[in-house]
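Protein chains: 2
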Amino acid sequence: MMAAPFAALRHYLPPWLQHYRRTDFAPDVLASLTLTLLLIPQSLAYALLAGLPPQVGLYASIAPGIVYALTGTSSLLAVGPVALASVMTAGALAGLAPVASADYVALAALLAIISGGLRVLLASLRFGFVANFLSASVVGGFIAGSALLIIAGQLPTLLGVTGVQGATFWQVLRNLLRALPGFNPLVLSIALSSLLALIACKAWGGRLLARLGLPAARADLLGRTAPVFVVGGAALVVAMLDWDGPGGVAVIGALPLRWPGVHIPLVSVDAALQLLPAALAISLVGFVDSIAVAQSLAIKRREKIDPDRELRALGLANLAAGMTGGYPVSGSFGRSAANSQAGARTQLANVFGSLWMLAVVLFASSAFARLPLAALSATIVLAVWQMLDLSILRLARRYDRRDALVFAATALCVLFLGAVNAILVGVVFALLLFIWRTSKPHMAIVGRLPGTEHFRNVQRHRVETQPQILAVRIDESLYFANVRFVTNQLAAWINEQAEVRHLLLIMSAVNAIDVSALEGLRELNRGLEEQGVALHLAEIKGPVMDKLVGSGFLAELSGRVYLSGHEALQALETVPTPDFAI
Amino acid sequence: MMAAPFAALRHYLPPWLQHYRRTDFAPDVLASLTLTLLLIPQSLAYALLAGLPPQVGLYASIAPGIVYALTGTSSLLAVGPVALASVMTAGALAGLAPVASADYVALAALLAIISGGLRVLLASLRFGFVANFLSASVVGGFIAGSALLIIAGQLPTLLGVTGVQGATFWQVLRNLLRALPGFNPLVLSIALSSLLALIACKAWGGRLLARLGLPAARADLLGRTAPVFVVGGAALVVAMLDWDGPGGVAVIGALPLRWPGVHIPLVSVDAALQLLPAALAISLVGFVDSIAVAQSLAIKRREKIDPDRELRALGLANLAAGMTGGYPVSGSFGRSAANSQAGARTQLANVFGSLWMLAVVLFASSAFARLPLAALSATIVLAVWQMLDLSILRLARRYDRRDALVFAATALCVLFLGAVNAILVGVVFALLLFIWRTSKPHMAIVGRLPGTEHFRNVQRHRVETQPQILAVRIDESLYFANVRFVTNQLAAWINEQAEVRHLLLIMSAVNAIDVSALEGLRELNRGLEEQGVALHLAEIKGPVMDKLVGSGFLAELSGRVYLSGHEALQALETVPTPDFAI
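Chains as they are written, first to last, in this note's numbering: chain A, 567 to 1148; chain B, 567 to 1148.
Calculated directly from the structure, the hints in this document are not laboratory data.
Possibly wrong hints are sitting among the right ones.
Any copy will do: because identical chains look the same in the list, a pair fits if it lies in one copy or spans two.
Stated by the list, open to error - List time: in silico SDA-like cross-link candidates among lysine to any residue, alpha-carbon distance up to 20 Å:
(1) K1006 with V994
(2) K1113 with L846
(3) K768 with L971
(4) K1006 with F693
(5) K870 with I1060
(6) K768 with A858
(7) K1006 with P873
(8) K1113 with I818
(9) K1006 with W1059
(10) K1113 with S1130
(11) K768 with L780
(12) K1113 with A933
(13) K1006 with R692
(14) K1006 with N1023
(15) K870 with N741
(16) K1113 with A776
(17) K1006 with L981
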């Protein structure tokens, strides 16, 4: 009797919890330890990257992961602080409040709430598809530009120079060059040795551990957790040598940590409206990025990712982040992949990861006081360097230079116009290139391959043609932007070939005809008729035919409509001149 | 010896002059008389419509027609003042200077020069194609909105109320309603009788003249010239009854006419920049409108219109208009059609029309002093009413409601946001609808028509299918905005049909694949491979195949590429499971 309501409730649980097996528990808990080792340095570093006090990153590593685990559709995606959302947060808040001030922290939380609310709204309107308009080239260019921006932003911390500010990429670089002579040798040596240690761990760490007897997968995984050991080692050196005195090495310092309870930041409506474009940009980029990670993990496990539910889950995770003292979060590629490698079976690994982070906040915060910022910066630089994926650019350069142009334009705009404008420019540019291409469609004069029913381009194949018949395949939907181009080209071909009495349009690639194109075809039909040339159509697609029948155009047509080009040719070969011209 | 250089020079002459025949001379001169009878009332009325003193319309009827005749490619198109360019001029100059002031006149001339220069520039860059982006629905909606705007603007003149001003359509209507009680009965009676006379002439005039013994074509032509007689009659009545005293009927008054010599208006750079958007809008709309007229006349005469030369010729005509005291001009549908009907053979008819107008300016200007404005307004209202062509809207409502939406949106924007914004909104809206449609493409599961090599939609035809083969035709180019939609739909179909081992994509309607779509196909291929399903492609178009070969994708493909769907099916029918899954 009791089982029935529970069975109904079960439907509301996330997929991984509905079918949870006891045997998954131990692997999940084990994986959560690795996750925590990654989360500690990343959450501190990404918060600094966003211009926030480090503890905000710790808070953002607790609630969002649990909320996503309970609402998302991916069984492995790790949600929390990520580099891209952090640098976008810094960009959105620049100039609105002094960096790391209480107002700045409140605005960051508000940004998470707005972007979370937007995602929930978009998801409930089933508007997740808008993310489709961010092409691979726009996203790739955006990430590349952001990576450069982040690395440039870390240079002052790595060099130990202070007071380097600037609204634009150029200003930061120029001010950095001016401040360069005042660099701190101790800081630079910490930064360089951290960087070298991280690179060495990445390059040889796994292999070394494997030689020491660890299984290859386990060794590789331990290699991934190198940042926590490198940063910890740097902290140890600083503490032992007392390098963090006044004028010395900058460290995190004492963190005023508290129980991350729920509280909603009170900020003016004006500020909220001002944050709206950035919140939308963060929502879309974060969604595109997360869903790509979730889908690549899902393919291996034959799971299905539902984009609209995923968008809602990310929205709820951001609402949770904003209400518990955090800032915008997203799905992390690195931590999700580490989850998979560490043998995590379900989202329980992420839930436990969040709980460990809560324990860190409550009991181990004093351990961070003497962490040198330069070592954290080094972990950011290396993480971001790995994020920079130029494979799309290489593919685009080889395959379609227009896409490479979109990539480059978006990347440059991130540096010089900011994230929101970069996305706008990228999307509009990509759409304009698409429209440009469709406005000058490919058209081919075709003939019949001897002995077959197939028609092919006369310039590519040896085909049969007839002097009184011009058969043309139009390789694009007909619409206002290309109909004049198409009809002009057809008229020019007809003028060149005085013997032509039949124009046969093969419509197999015409997926739609709009009103302007229909008017254009009517004019073409009338004009050809006055020249004694009949217009015939073949291979019209079903949906197009349905609309043409309703328009009355087929009754005006001087020629006929044929099911296939072959059928048309058979009929027209025996008709030297059109009926109306006799 | 002398013939050779002349023959070379001849090449630079306009087509009609290169082959001018003596027998064309008499018909051309005769037609030019009809043209002049149309031009006199229209040039005065359209100048008033633009907010300009009436003589500006007369000036704009002289030089532009001659310049177009010498540079254009149409043998009949009559270029001069038109309603659409006039109302757009009024919109562009609203608020920049007091209506009909010297500054206003100078700005109107500047507008003509800027829009002329823009057209010459666009033409020399071979950018005439940008006019293609104005779809039939945008142009139709724009004309409909402008017609309503013009008619509303004529109401104060028709009613004889003064001081009705307003920045927006609503303001004009509201102020008109307030001023209504002060209407002038004499003015209203002139307006109504002019309107009735014009309507009667249009409805019965031709037939009546035919009954009186005139040949039908000649009678119809004389009917077209009714406005000059109606306006002349109204002037006679006003003069005889002395209705044009103070507080009486508004008349044109004495025109300060002069020889229309060349002078360039001196206006600030700021003003020029301010006029730029409007100049671009006038250029594009005027071009689209003129070329449609030119092409419809050319089809009947088997002439060829070259869009870029046409754009340049219209640009030069506008430069001439601006430098001789005129304002923006364009090709007139009504006067061009009258040219054709009056038997004009070449542009010489327009050249003589311009010369007659020069004679009118120099010797007959006093005849206009007592022309009542209300009668001129009546001719505008009727001309504009005829311009209002709702056939596109009717076709769109039946054929494609999205086009009807674009029409309505553009028309409303003309009324409430102004001409420039209306064109922007219309073009962007039309492009977004196009992108929206291509982002959710039609896809059909297809099977083979028994006994043929043709594949058709399983839902439309009785076709043969195989349980282990899913053949899908994609009816759209693949690009970033639709690739996720397409791959999700394919994955859903595969999940529904557990027996499927081969997915065959029929690519006959895929005219392009961009980088994002290529990435999507690669992911699909990998995902299907992990599920034991092979991906095959058939009927790839030549240009698409060329690019795919270069991309390396075909080497990754788990299945094969076939020339035709038929060939693919023959090969796959004998393969129960893909090679890699065995």
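Going down the list of hints, with the structure as the test:
| no. | hint | result |
| --- | --- | --- |
| 1 | K1006 with V994 | both (19 Å within a copy, 19 Å between copies) |
| 2 | K1113 with L846 | neither (38 Å within a copy, 35 Å between copies) |
| 3 | K768 with L971 | neither (33 Å within a copy, 58 Å between copies) |
| 4 | K1006 with F693 | between (31 Å within a copy, 13 Å between copies) |
| 5 | K870 with I1060 | between (53 Å within a copy, 12 Å between copies) |
| 6 | K768 with A858 | neither (24 Å within a copy, 67 Å between copies) |
| 7 | K1006 with P873 | between (34 Å within a copy, 16 Å between copies) |
| 8 | K1113 with I818 | neither (68 Å within a copy, 53 Å between copies) |
| 9 | K1006 with W1059 | within (16 Å within a copy, 34 Å between copies) |
| 10 | K1113 with S1130 | within (19 Å within a copy, 28 Å between copies) |
| 11 | K768 with L780 | within (16 Å within a copy, 99 Å between copies) |
| 12 | K1113 with A933 | neither (71 Å within a copy, 57 Å between copies) |
| 13 | K1006 with R692 | between (34 Å within a copy, 14 Å between copies) |
| 14 | K1006 with N1023 | within (18 Å within a copy, 29 Å between copies) |
| 15 | K870 with N741 | neither (49 Å within a copy, 62 Å between copies) |
| 16 | K1113 with A776 | neither (67 Å within a copy, 43 Å between copies) |
| 17 | K1006 with L981 | neither (33 Å within a copy, 33 Å between copies) |
Going through the hint list in order, the structure does not satisfy hints 2, 3, 6, 8, 12, 15, 16 and 17.
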